[in-house]
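Engineer: Mind docking chain C on chain A? Use the hints.
Here the protein sequences come in this chain order: A and C. At position 92 of the first sequence (counting the first as 1) the number is 92 in the numbering used here, and the numbers step up by one without a gap. At position 472 of the second sequence (counting the first as 1) the number is 472 in the numbering used here, and the numbers step up by one without a gap.
Source of the hints: derived by calculation from the structure; they are not laboratory data. Hints are not guaranteed to be accurate.
To be verified - Heads up, simulated DSS-like pairs for lysine-lysine below, C-alpha to C-alpha not over 30 Å straight-line:
#1 C/Lys216 with A/Lys185
#2 A/Lys72 with C/Lys150
#3 C/Lys123 with C/Lys169
#4 C/Lys566 with C/Lys123
#5 C/Lys150 with C/Lys183
#6 C/Lys257 with C/Lys279
#7 C/Lys135 with C/Lys402
#8 C/Lys177 with A/Lys72
#9 C/Lys177 with C/Lys150
#10 C/Lys257 with A/Lys185
#11 C/Lys169 with C/Lys135
#12 A/Lys72 with C/Lys123
#13 C/Lys319 with C/Lys332
#14 C/Lys363 with C/Lys402
#15 C/Lys566 with C/Lys257
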Amino acid sequence: MGLKRFVLRRLVEIAVIFFVIMTVLFVLFRLAPGDPVSRMVDPSMTPEDARLLMESMGLDQPLWTQYLYYLKNVATGNMGVSFHYGEPVIDILMNRLPNTVLLFTTSILLSALLGVFLGKIAAWKRGQRTDTLLTIGALFCHTLFLPWLALIMIWFFAYRVGWFPITGMVSPDVWIDPGAGWLAKALDVLHHMALPLMTLILIHFGSYLLVMRSSMLDTLKDDYIITARAKGLEEKTIRDHHAAPNAALPVVTSVGLSLAFSINGGALTETVFTWPGIGRELVFSVSHSDYPLAQAAFLIIAIVVLVANLVVDVLYAYLDPRIRY
Amino acid sequence: MDGRNCWRRGVLLLLTAVMLTACHEKNTHHVLNIGLAEEPRTLNVWLASDANSRKVLSLIYQPLYVYDPDTLDLVPWLAESMPVYDAQTLSYSVTLREARWSDDTPFTSRDVAFTGSLIQSFKVPRYASDWDFIKRIETPDSRTVRFYLKQPMAAFLTGTLSTPIVQEKEWADFAEKAQTTEKPLTALVNHRMQHPVGTGPFTLEQWRRGAFLHLKRNPHFFGIGKTIGGRTLGPFVDDLVYTVFGTSDVAILALIKGDIDMLWWPIQPGYMADLSRRKEIRLFTNEKSALYFMGFNLRRPPFNDMALRRAVAYMIDKKFIVSRILQGQGTKMFSVVPEENRFWCCTDLPRYGDGMSRENRLKAAYQVLVDAGYSWAVPPVDAAGNLQAAREIRLPGGQPMKRFTILTPPADYDPHRATSGLMIQEWLRELGMPAYARPMAFSSMLEQIKGHHDFDAFILGYGHLGLDPDYVRNLFHSANDKSRGWNMSGYRNSAFDEMADRSISEMDPVKRQALVMEMQKLIARDLPYIPLYKPSVVEAVRRDRFEGWVEMLEGIGNIWSMCQVKPVSSDGA
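Chain A extracted, bound-state conformation (with noise of 0.2 Å):
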């Protein structure tokens, strides 16, 4: 089978598994108990308060005519309107995304440099003391709790040294302060990322360093290390240029779908630092049965990965000849 019948096959698949996502999250939202009205009334409301509330939502219709309009708007790339910010769902979205994709997006490209770079130098020092306190250095990071760490981190970098600001993106005063020009601010974005960078760095690397560890290993018997040995390179050049690049081809795939699954964000991450992207929304929106904007959000991180399996599928096959549709 050629490639492209096989991204053909693939494509005609994503459409299959949308729709099965679509009706599913539909679904499954309605299946939960409750609904997104229960929580805004209070016993000061009348009856007829909450059925307009109810109304307003387009909760009163049948299920069924839900349900098209839904398949309607999501064909038509209105994916609705939020209950409870009363906005259309793909600006709250849109407006979270690029915070997520900014701070996620740069931790895992951060994280797998190091790894990459620690995996390798544990790979070249295999049992010697360099390898065991590199891995379990990094098992140890890798394991650690996310909030724990992140409320640790927050306590001793933010408010005990006071280098870092405690939470949030941005800083207020110097965001209303009219003489800030766009790079006081881009700094101090920069300034407020440092804490969950360093964090989600610290939680992350350790899981590419134990691949690229793996792999290389595997790498470094392969005959073209032996026949590089043969002809004299220095080792310095054996790791670098012939060990290294073939070995992170794993990393690779695993930053690539990393990278897709990036734009749901972390929602401890981002309540912790108060990081304002989707994944507290994700969970808001869920929490509080805001169907619209959780039903969209989820849509978007499956579009988003089943596209990132098909990309990372043909990638595979330009980076490794071996690999044949």
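Structural biologist: Here is chain C on its own, set in the frame of chain A:
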């Protein structure tokens, strides 16, 4: 330049930039930084139903009357004086204060009339029921509004006159367009407000979603320098900046560090010991207009028996709940109206088990049940009057009482209610009752209680009750005993219904007060709900930054505080 040097320089530049940002000079304006738990939902006043939106919008849109912080009486706000009632024409006349909108246009009676007609024509939830009894609104001149009522309605004073007034100029065009849409109400509530125009002490400067919301002092605020309700108003701060914090731990660190000046967010008891030791932090403890209660399903046995409910009331040790579960941060409740709502709360009610020892409570409950015909395999009190482990309580008909459940929200949603449920389970077991507390996801619990009426007993609460006691009618009127109705217990008492119906149309506050008192007495006698407790609101501010906070029911976060807080340094303190 080799690559390594380039890296070094880059990192050095970044670090310098970060340090410079950290040292960014603070604004010289008096900025009051406020920490919030969640971001405001919207700036559209017709959609705002959450507390955080109200914390912002209450400083922008103003009503005709507000509550006095000390007496909780209505105080003229946008109105100049108290409304004048004409019983003959069933109308109220309100004279307006001279005021201007934040866009410097005059506030007139047309704005009030427009607000009323907008609410009526769109049937805006939350406000529609406070306006649907208004027959017409006249504006004889720019500062007089006359409301003609269809029938006498007590909610006029506390509901209609407390509605935020919007500017006709700002809303008229949009309202007209919205009326032509398929769903006018949806169009209205989903209208995105970018720059709301109000008459309040502050106006919106900017809102960076997810980051902060900035309000600026409104130079056109009618209250500047005026004495209203015995208080000279400011505002004395230039800017209010609301910042959202994801967790209370981090918000409290920010308060201690000085990043925020006020946490507009109730402090949990676990933080209080630490905060109260810090001299730079001041804690305010105030009462909440709230009701946390145990409810019963009166539609089915065994709790359709008033004697059993009364025995349960005797067994509940409210003092223990307040002192141990709430760690002292709350008060016991005996009426469904909080005691701080002085005018409407009835204090002359039976206080089942209050002040009694465990032994006496058990004996009192036992006596109630014995008198009602209950029996036991082993009674909780033996023939000599000594307590013993009770076993197998039997209903008056002789059949054993079936296992029943007390539904509570889960501990991660509300630890107080979950733990209270467990304690009540244990106290009821002392009477030989097969009680089982069952924490349940909040939405499921509401569905089971309100939607399906499939429950035995439950513990729920309302954290923000209005000051008008009309909710007593809503909670117990038999007309609301329906799926998703407010009368969750299924209480049906024609005497109560009759009084409740009269109370809503009684315009004389003293006569209405008498009716509301009687309604509370009936509830305390029949016990469809046993009021348990209400938690206090503990709020924290930095002592060294601002002063002049005004305490009232629900805490210091109110319009009076925001019009009165001053920077500490301005007084030379």
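Engineer: Hints first: check each against the structure and report whether it holds.
Structural biologist: Structure-based check of each hint:
{"no.": "1", "hint": "C/Lys216 with A/Lys185", "result": "21 Å, holds"}
{"no.": "2", "hint": "A/Lys72 with C/Lys150", "result": "44 Å, violated"}
{"no.": "3", "hint": "C/Lys123 with C/Lys169", "result": "20 Å, holds"}
{"no.": "4", "hint": "C/Lys566 with C/Lys123", "result": "40 Å, violated"}
{"no.": "5", "hint": "C/Lys150 with C/Lys183", "result": "27 Å, holds"}
{"no.": "6", "hint": "C/Lys257 with C/Lys279", "result": "13 Å, holds"}
{"no.": "7", "hint": "C/Lys135 with C/Lys402", "result": "54 Å, violated"}
{"no.": "8", "hint": "C/Lys177 with A/Lys72", "result": "24 Å, holds"}
{"no.": "9", "hint": "C/Lys177 with C/Lys150", "result": "29 Å, holds"}
{"no.": "10", "hint": "C/Lys257 with A/Lys185", "result": "22 Å, holds"}
{"no.": "11", "hint": "C/Lys169 with C/Lys135", "result": "23 Å, holds"}
{"no.": "12", "hint": "A/Lys72 with C/Lys123", "result": "28 Å, holds"}
{"no.": "13", "hint": "C/Lys319 with C/Lys332", "result": "7 Å, holds"}
{"no.": "14", "hint": "C/Lys363 with C/Lys402", "result": "22 Å, holds"}
{"no.": "15", "hint": "C/Lys566 with C/Lys257", "result": "20 Å, holds"}
Of the numbered hints stated above, those contradicted by the structure are hints 2, 4, 7, listed in ascending order.
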